[in-house]
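Listed here are the chains, written in short residue letters.
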Amino acid sequence: MSQTAAHEEPELIQLLTPEGELKEHPDYPLDISAEEIRALYRDLVLVRRVDSEAVSLQRQGELGLWASLLGQEAAQIGSARALRPDDMAFPSYREHGVAWCRGIEPKELLGMFRGVTNGGWDPHEYGFHLYTIVIGSQALHATGYAMGIQRDGAVGEDGSAVISYFGDGATSQGDTNESFNFAAVNNAPVVFFCQNNQWAISEPLERQARVPIYKRAAGFGFPGVRVDGNDVLACLAVTRAAMDNARTGQGPTLVEAFTYRMGAHTTNDDPSRYRDAAELDEWKAKDPILRVRNHLELYELADEAFFARIDEEADKVGEMVRTQCRSMADPEPLDIFHEVYAEPNVHIDHQRSEFADYLASFEGAGAEGGR
Amino acid sequence: MGTNLTIGKAINAGLRASMEHDPKVLVMGEDVGRLGGVFRVTDGLHKDFGADRVIDTPLAESGIVGTAIGMAMRGYRPVVEIQFDGFFFPAANQTFTQLAKMRRRSAGKLSMPVVMRIPYGGGIGAVEHHSESPEAYFQHTAGLRVVSVANPEDAYWMIQQAVRSDDPVIFLEPKRRYYEKAEVDTGVSIDAVTPMGAARIARPGTDCTLLAYGPMIKTALQAAEADVDHSIEVIDVRSLSPIDYATITESVKRTGRLVVAHEATLTGGPGAEIAARVTEECFYHLESPVIRVAAFDTPYPQSRLEEHYLPDLDRVLDGVDRAFAY
Ligand SMILES: Cc1ncc(C[n+]2csc(CCOP(=O)(O)OP(=O)(O)O)c2C)c(N)n1
Ligand SMILES: [Mg+2]
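Protein chains in written order, with the working numbering: chain A, 69 to 439; chain B, 227 to 552.
Everything hinted at is true.
Calculated pairs, DSBU-like style, for lysine-lysine (alpha carbon to alpha carbon, straight line, at most 35 Å):
| id | chain 1 | residue 1 | chain 2 | residue 2 |
| --- | --- | --- | --- | --- |
| 1 | B | K273 | A | K354 |
| 2 | B | K273 | B | K407 |
| 3 | A | K352 | B | K273 |
| 4 | A | K283 | B | K273 |
Partial list, derived from the structure: chain A residues whose beta carbon lies under 8 Å from chain B:
| id | residue |
| --- | --- |
| 5 | G132 |
| 6 | F181 |
| 7 | T185 |
| 8 | N186 |
| 9 | A238 |
| 10 | G242 |
| 11 | A268 |
| 12 | I269 |
| 13 | S270 |
| 14 | R275 |
| 15 | Y342 |
| 16 | P399 |
| 17 | D403 |
| 18 | F405 |
| 19 | Q419 |
| 20 | Y426 |
Read the hints as simulated data drawn from the structure, not as lab findings.
Note that the Cβ used here is the ideal one computed from N, Cα and C, for glycine as well.
For reference, chain B alone in the conformation it holds in the complex:
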C-alpha cells in the first residue's frame, strides 16, 4: 500500500494511525486543534477525534509538558507539540527535572510514554527563536530518547514507534523539509519496520562516512552525489539517544573516515560526542581525525545570514575535503 506523502503529512498519518490503534493516545499543544497546528501536522485530528483527545492548550509550555506527565500517570499517551524549537525552553524544568527522571525516581513504577514533537532547525527565513537546533540539550539528558526524521517513510513509522515507546521521546521534525515528498509503504506491519533506535545507511560508499540526521540528510546526500572523486557513504543516524554505534563503527572501519554534519552549534554538539566515541572504537582504522561540520558557536543569526550560518552543501564538501587532506 504505497502513498505519496510529504514529511508533514506522513507524521499526520502516523499520528492518526496511533490514535486509531490506541484510545489512550492524545494530542496536546498550542493551536493543534481547530487550526491543525501552525504547520498543519495535526490537521483534521481535532475534527475526527474530538476535543477530549486533541487538546488546544493554554499558551504555556511548562503547563503542556507538566500536565502531559500527569496524563501519562493516569494511563494516557500524550503527544505534545511544542510550536517551535525556541519555545521549548519554558518547558525545560518539567522536561529535565520531571519527565526524564520519573522512571528512576519511582524505582520503575511509573512510565512516561510522552512524545514531544518539535519542529526544529533553520532555513525558513524566520524571525528569532524559530530556527533553533536544541538536540544536544536533550541528548545530554539521561532518561530521554531523542530521534529525528529525514524522510516521509521514517516520519510515518517513527512517530508511531515513538508513541508506543514507554520512555519519553523527543521527536525532532525538520521543519524546512516538511514539504519533501516520497512514497510511503503504509501496508507493512509496524513490527516489521526498522526500529526507531537504529541508524540507517542512506547511501552506501567506500571512502568516507558522512553522518547526519534530520534536515541535514538531504544536504549530505547532495554532497555525496557532488563529490565525484570519492565514494561517500551517508548514514542517517535517526536516533541521537541512544546512538546506534554498531552501524556507525562498522561503516567507519570500512571507510576510515568520518564527517559529522549538523545544524546544532559545534561545541558540545552531537558531533562532539560521536567523534569521541568513534575515535575510541575505531582508532586504528581512522585515516583522519573525525571532522565536524556544524553551525558556529553564536546565537542563531538574523535570517538574512542563515545561509552562511547553516552548514550547506559547500561546507559539507569542505568538511569531506578536510578528511581527505590527511
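Extracted from the complex, chain A is given alone in its bound form:
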C-alpha cells in the first residue's frame, strides 16, 4: 500500500519569503502600505500571545482544554483581514486569529474552553459563526448561508461573501465534500479556506488525501489554489481575490493554506507519540511572525521602538486574558434549562421547577448533600 501523491511538490503562492523578502506574483498583486503591514504584525503577535496565555491557563486548571493556533497565525490573520464587515465566517474550533479580526473578545473563546458557555456570542453581530467542533459540519452551513446571499440579491461589488474554515482532516468528511458540490452547482459566493497544518491529531496528511488538497476543487468544478499559509501577505491577497470572485458572482474557490500545527492538537494531546521533533524544527524556520519581522527590519519599515511597543501591548493583552479568564463566574445551575426552545415548553418548565425545589431542599441542611 504505497502512499506518495499527497506530498507532491507544492505549487505555493508566496509573496513574502521566510527571510522577509517581497516576491511578486502575477495573479496576486498586493498594494499594501507599511502601516498595514505593521498592523498585520501587531495582529500576529497579539493573537499568539492570547494563544500562549490560554495554554498556560489550561495548565493552571483555569481552562478545561485549549486548541492552540501556534504556527497558523498568518493563515488566520491574512485570510480574516481580507474580509469585509458584511462577510460571514464559519470557523472550526482553532480560529482564534479569525475571531480576533472579527472583533470577538478573547474572553468569549476562553469561556467556551473553560466550560462556562457553549460559545454564545451573536454570530450576526460579528460576522463570525460559533466554533463548530463536529468536523466538517460548518462547511455546509457556510454554503447554505451563501445560497441565502444569492437569493437576497446581495451578490455584486457591494455584496457579501462567505468563508468557511476547516482543517486537512476535515476534507475527508462527507459534509465537507457535499459542501463543495452544493457550492459548485449553485455557484455560491463561498470560499473554502482549508488550513492544511499537516496533521489531524495523530494522522498525517497521507491518511486523508492522495492528491494535494487544493486540487480537489477541480473535480467539483471550481478553482483551487495553494498558498503559503505562513505568509500573511499571500494569505491576504489570495483570500481577498477569492472573496471578491465569490462576491461578484464568480462562484466558490478552495484555498489551501499550507502550514503547520506547531503545537499539540490540543492541551490533551502528546505529539511525541506520533511525530518527529525534527519536523517542527524545519517549520520553525518558516515561522509566520518571524518573517514579517524580518521584512519590517529588512525594508526599514519599523524601528526598535515599534517592536518594543507591540511587545508591551502583548504583555497587556496577556494580563487581560488572565484576568478575564480567572474572573469568569460559573453559570447558575438553573441555566441548564435556558435556551432550549424558542417557545415556552411545559416539559422544560416542569423539570426546571422540580430541580429548583430539589436544590432548595439542601438549603439550611448545612452539609454538602442531603445526608
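Given the structure of chain A, go ahead and fit chain B with the ligands onto it with the hints provided.
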C-alpha cells in the same frame, strides 16, 4: 490468572486476545493506530498487529462504519472506534439504514459482526459533543445489540464476546471510568463467563432495586452503601438490547421497588422502556411507581454545569427516597 487492570486496559487486553484468537478481527478508526486512540484503548495493537489490521482511517465516521460493513461482507470482523459519543452522528445513516438491517434485508444470508466501540457519557469536563449518552437511539433500533461495561472484568470479557457475536454490537465504554481498576481473572474460558446479554446483581438487597449501567454503576453502588435505612439491590443491566428482564423482574418482585438511573436524558430514555415493561410484568408486586433518575431533557450543558446535570449520588438517593415515599 489474575491481573490488575483499569477498564481501558482491560478493553485493550480483550481486543488483543480477540485479535490473537481470530485473524479476521480488525481495528479501525481515527487515531487508533500509532497514537493508540485518544484514550489509548488500542495502545500497542498497531505495533503488534500491523497497519493492515489496525487501520488509521480518514476522518469520516460514515466512511468508517460503511467500509466496516463491506469488510464484514468479505468475512472480516471489524471493531470500529468512534472517537467520542458526539461524533457517532455522521455515521448514523450507515448504522441505522445499513448495518442494523443487513441481516433482514439479505434474508439471513449476510451477517454483520461489527463492533462499534464508543467512549460515552459525561463528567470529564470536556467541551461540547464529548459527553453524550446516545444509547437510546441504538436501543430503539432493531438489529443492533447494545451493551455497556462498568468494571474491568466485564470490559475484558464483553469486548471479546462482542467481537464473537454475529450481530452488530454497540459497545459503550464509560469514559469517565476508564481509569477504575480491579482484578480481572483472564485465565477462565470465555465460554464459562456470564453471557454478554445477561444482567448482573452487583449488590444484593431486599428493599428496593436500583438499576443502572456503565458509568452510573459506581454511583448506584455508592448510593446503596450510603442509604443505611434500606437494603438496596443494585443491578448492572449490562445489555440494553436485548434487556435481561428475567433478572430484573425477579429482583423487583422481591423488593417491590425499582429506581432506574442513567446519564441519558429522561424522555424516551432506557429508563422509560424498562419502567413500562416492569410495570406490566410486576404490577401486583410494586409498592411504588418505577422511579427514573436521569439527565434533564436539555442539550448537554457546558462543563461547569455538568455536576448539576448528571445524576449524582444525591440525585440517586433522592430517587430512592421518592420510591420509599409511597
Ligand atoms: C465528526 C468528528 N469526528 C471526530 C472528531 C474528533 N477530532 C477533533 S479534531 C480532529 C482532527 C481534525 O483535524 P483537522 O481537520 O486537520 O483540523 P486541525 O485539528 O488540524 O485544525 C478530530 C478527529 C470531531 N471533532 N468531529
Ligand atoms: Mg489538521
